[in-house]
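Peer 1: Please work from the sequences and hints to get the whole structure.
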Amino acid sequence: MAAGEVAILGVGMHPWGKWGRNFVEYGVAAARAALADAGVAWQDVQLVAGGETIRNGYPGYVAGASIAQALGWNGAQIGTSYGACASGSQAIVLARAQILAGLCDVALVVGADTTPKGFFAPAGSGDRTKDPDWLRFRLLGATNPVYFGLYARRRMDLYGDSEEDFAKVKVKNSRAGAANPNARYRQTYTVEEVLASPMVSDPLRLLQICATSDGGAALVLSSLAFARRHTTKPVTIAAVSTVTPRFPQTVIEMPNFATDSAATLRVPDVGFRDSIAKAAYEQAGLGPEDMDVAEVYDLSSALELDWYENIGFTKPGEAARLLRSGATALGGKRPVNPSGGLGAFGEAIPAQAIAQVCELTWQLRGQATGRQVAGARAGITANQGLFGHGSSVIVKA
Amino acid sequence: MVRQRIPAVEGWFTLDAARPALLGTRCKACGTIFFPREESFCRNPACSSTEFEELELSRRGRLWSYTNNAYPPPAPYVSPSDPYEPFAIAAVELEREKMVVLGQVVAGVSVEDLEVGMEMELVLDRLSEDESHEYVVWKWRPAEA
Chain A
1 MAAGEVAILG
11 VGMHPWGKWG
21 RNFVEYGVAA
31 ARAALADAGV
41 AWQDVQLVAG
51 GETIRNGYPG
61 YVAGASIAQA
71 LGWNGAQIGT
81 SYGACASGSQ
91 AIVLARAQIL
101 AGLCDVALVV
111 GADTTPKGFF
121 APAGSGDRTK
131 DPDWLRFRLL
141 GATNPVYFGL
151 YARRRMDLYG
161 DSEEDFAKVK
171 VKNSRAGAAN
181 PNARYRQTYT
191 VEEVLASPMV
201 SDPLRLLQIC
211 ATSDGGAALV
221 LSSLAFARRH
231 TTKPVTIAAV
241 STVTPRFPQT
251 VIEMPNFATD
261 SAATLRVPDV
271 GFRDSIAKAA
281 YEQAGLGPED
291 MDVAEVYDLS
301 SALELDWYEN
311 IGFTKPGEAA
321 RLLRSGATAL
331 GGKRPVNPSG
341 GLGAFGEAIP
351 AQAIAQVCEL
361 TWQLRGQATG
371 RQVAGARAGI
381 TANQGLFGHG
391 SSVIVKA
Chain B
1 MVRQRIPAVE
11 GWFTLDAARP
21 ALLGTRCKAC
31 GTIFFPREES
41 FCRNPACSST
51 EFEELELSRR
61 GRLWSYTNNA
71 YPPPAPYVSP
81 SDPYEPFAIA
91 AVELEREKMV
101 VLGQVVAGVS
111 VEDLEVGMEM
121 ELVLDRLSED
131 ESHEYVVWKW
141 RPAEA
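From first to last, the protein sequence lines stand for chains A and B. With this note's numbering, letter number 189 in the first sequence gets 189, and the count goes up by one each step, no holes. With this note's numbering, letter number 73 in the second sequence gets 73, and the count goes up by one each step, no holes.
If you're looking for bench data, these hints aren't it; they were derived computationally from the structure. A portion of the hints provided could be inaccurate.
Pairs of lysine to aspartate or glutamate residues, derived as DMTMM-like cross-links and limited to a Cα-Cα distance of at most 20 Å, are as follows [unchecked claim]: (1) A/396 <-> A/282; (2) A/130 <-> B/10; (3) B/98 <-> A/253; (4) A/130 <-> B/54; (5) A/315 <-> A/289; (6) A/130 <-> B/39; (7) A/333 <-> A/318; (8) B/98 <-> B/56; (9) A/130 <-> B/38; (10) A/333 <-> A/282; (11) A/117 <-> A/133; (12) A/233 <-> A/105; (13) B/98 <-> B/119; (14) A/333 <-> A/269; (15) A/278 <-> A/289; (16) A/315 <-> A/105; (17) B/98 <-> A/290; (18) A/315 <-> A/290.
These figures come from a predicted structure and were not determined experimentally.
Peer 2: Following this line, the structure appears as structure tokens:
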């Protein structure tokens with residue numbers, strides 16, 4: 001069943017970096033940019049949907065309200081959503097559902113983060129011996145890159161992917177990011193430079209693992225009727241998927257110690273990452289063949305290759321071949337991560353899934369100067385985070 | 001001073017020095033196996049059982065994948081050595097349970113010594129220590145023939 005569509009009236013970002021300022025500042029800057037892009041006055045916004053940041057204290061837990069207060073209370077409905085790396089998409093879900101239900105005409109979606117240096121560690125303090133996210137650090141020393149390294153080594157063994165293939169993803173994304181004024185890293189790299197960077201979690205090196213960044217991203221969403229009064233042909237959101245895995249989930253997930261057991265139950269026909277995109281395609285009534293561009297979650301360079309298969313751009317095991325063909329680079333048949341991806345941005349968790357939609361919107365409007373995918377009419381985002389969270393958004397011109 | 005040897009987490013593995021095993025649970029209604037132990041609600045979506053029995057998991061399995069920590073993980077990880085020594089982490093597939101279980105790899109075995117598909121076995125080893133305790137955890141090592 002094709003779902004109803006909402007219009008993306010405006011998009012805006014605060015550039016990614018390691019600015020060290022309050023996350024609210026990035027959220028306000030992104031929101032004001034999106035409102036200006038939409039031509040909508042802040043006082044006219046009826047709903048603010050924020051993505052939660054768990055590393056910035058109480059104001060972070062109520063990020064929607066913190067940013068709305070900084071913009072100046074306007075009496076809008078308020079909400080804050082958390083879904084790990086998919087938090088931004090959860091905020092989009094809230095705004096979209098309210099608009100499609102006819103409960104509001106125009107909504108602001110915003111996510112922003114200020115991140116600590118180095119590895120993500122468990123949020124909060126004290127010994128929490130029942131918390132798997134605390135225990136995985138205590139008992140295993142299992143950082144997020146450890147899980148990325150396990151996935152990458154598995155690809156090498158199953159499909160014959162090489163460290164050079166993974167490095168080529170970073171090279172590709174660094175070239176795209178160099179053309180993006182919102183990217184944190186604007187430097188281009190060669191395969192040799194990537195493979196000379198220090199090993200972090202074998203086979204992944206420093207330049208193949210996404211950093212933690214500060215940044216903010218925002219969308220102004222509206223009903224199609226409201227949009228018609230503001231613009232002639234808005235880009236629209238045709239689908240948002242935030243499905244959970246199905247039991248038994250047989251691929252190890254952050255922050256778990258083990259997979260589910262498949263000894264007594266049938267393994268689901270569609271794996272978790274595949275199912276995220278599949279649900280989005282079904283909502284939109286579109287398929288991979290209809291997509292011109294994608295923004296996927298390259299938490300590591302190797303994970304980008306997994307996504308090529310998970311979003312149906314190629315068959316399982318064929319991603320490295322697709323990469324080597326140049327099809328996913330700018331100028332290729334179907335570019336992936338024309339923004340530069342997480343490799344060029346690093347991750348600002350509650351902003352990142354929103355930033356993916358910002359990029360697709362610029363691409364579909366033909367406004368992605370220096371990194372434009374020619375004639376792009378439809379695109380898909382995909383991401384995945386801890387505790388069975390993931391999301392996929394389909395955007396149409 | 002002799003440090004007291006205690007498990008770093010309670011009830012996740014036996015303290016049998018020669019043949020240690022991870023301790024999981026099995027749902028009494030549908031038979032689904034869980035590790036770490038599930039004792040409240042069965043997570044099989046078609047089962048509403050709340051009764052479980054303890055079981056020892058297989059001590060051997062095949063290496064599904066592996067990696068390492070070239071840099072020290074953040075707290076609450078505590079390095080057992082100073083200066084820090086990188087260590088490997090294994091994901092081992094248990095055939096009977098049809099599940100993959102993570103664990104550190106014992107010191108002295110690096111990623112160069114590992115290969116996907118090789119047989120691994122469970123051992124107990126020191127995780128860290130403080131003034132009065134040695135904390136013990138399960139680890140994986142290449143199986144002895």
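Peer 1: Each hint should be assessed against the structure and marked as holding or not.
Peer 2: Results for each hint:
1. The straight-line distance between the Cα atoms of residue 396 of chain A and residue 282 of chain A is roughly 14 Å, inside the 20 Å bound, and the hint therefore holds.
2. Taking the CA atoms of residue 130 of chain A and residue 10 of chain B, the gap is near 10 Å; set against the 20 Å cutoff, the hint holds.
3. Pair hint residue 98 of chain B plus residue 253 of chain A holds up; C-alpha atoms about 16 Å apart against a cutoff of 20 Å.
4. Straight-line distance between C-alpha atoms of residue 130 of chain A and residue 54 of chain B comes to about 18 Å, which keeps the hinted pair within the 20 Å bound.
5. Pair hint residue 315 of chain A plus residue 289 of chain A holds up; C-alpha atoms about 13 Å apart against a cutoff of 20 Å.
6. Taking the CA atoms of residue 130 of chain A and residue 39 of chain B, the gap is about 13 Å. The hint holds against a cut of 20 Å.
7. Straight-line distance between C-alpha atoms of residue 333 of chain A and residue 318 of chain A comes to about 16 Å, which keeps the hinted pair within the 20 Å bound.
8. For the proposed pair residue 98 of chain B and residue 56 of chain B, the alpha carbon gap of about 14 Å is at most 20 Å, so the pair holds.
9. Taken as a hint, the residue 130 of chain A and residue 38 of chain B pair is honoured in the structure, with Cα atoms around 12 Å apart against an allowance of 20 Å.
10. For a cut-off of 20 Å, the pair hint linking residue 333 of chain A to residue 282 of chain A is broken: about 23 Å separates their Cα positions.
11. Under the criterion of a C-alpha separation no larger than 20 Å, the hint pairing residue 117 of chain A with residue 133 of chain A is consistent with the structure, at around 19 Å.
12. At most 20 Å may separate the alpha-carbon atoms for a hinted pair to count; residue 233 of chain A and residue 105 of chain A meet this at roughly 17 Å.
13. Pair hint residue 98 of chain B plus residue 119 of chain B holds up; C-alpha atoms about 15 Å apart against a cutoff of 20 Å.
14. Taking the CA atoms of residue 333 of chain A and residue 269 of chain A, the gap is near 29 Å; set against the 20 Å cutoff, the hint is violated.
15. In summary, the hint linking residue 278 of chain A to residue 289 of chain A is supported, as the alpha carbons are separated by about 13 Å, within the 20 Å threshold.
16. Taking the CA atoms of residue 315 of chain A and residue 105 of chain A, the gap is near 40 Å; set against the 20 Å cutoff, the hint is violated.
17. Proposed proximity of residue 98 of chain B and residue 290 of chain A is contradicted: the alpha carbons are some 37 Å apart, above 20 Å.
18. This hinted pair checks out: residue 315 of chain A and residue 290 of chain A have alpha carbons roughly 16 Å apart, not beyond 20 Å.
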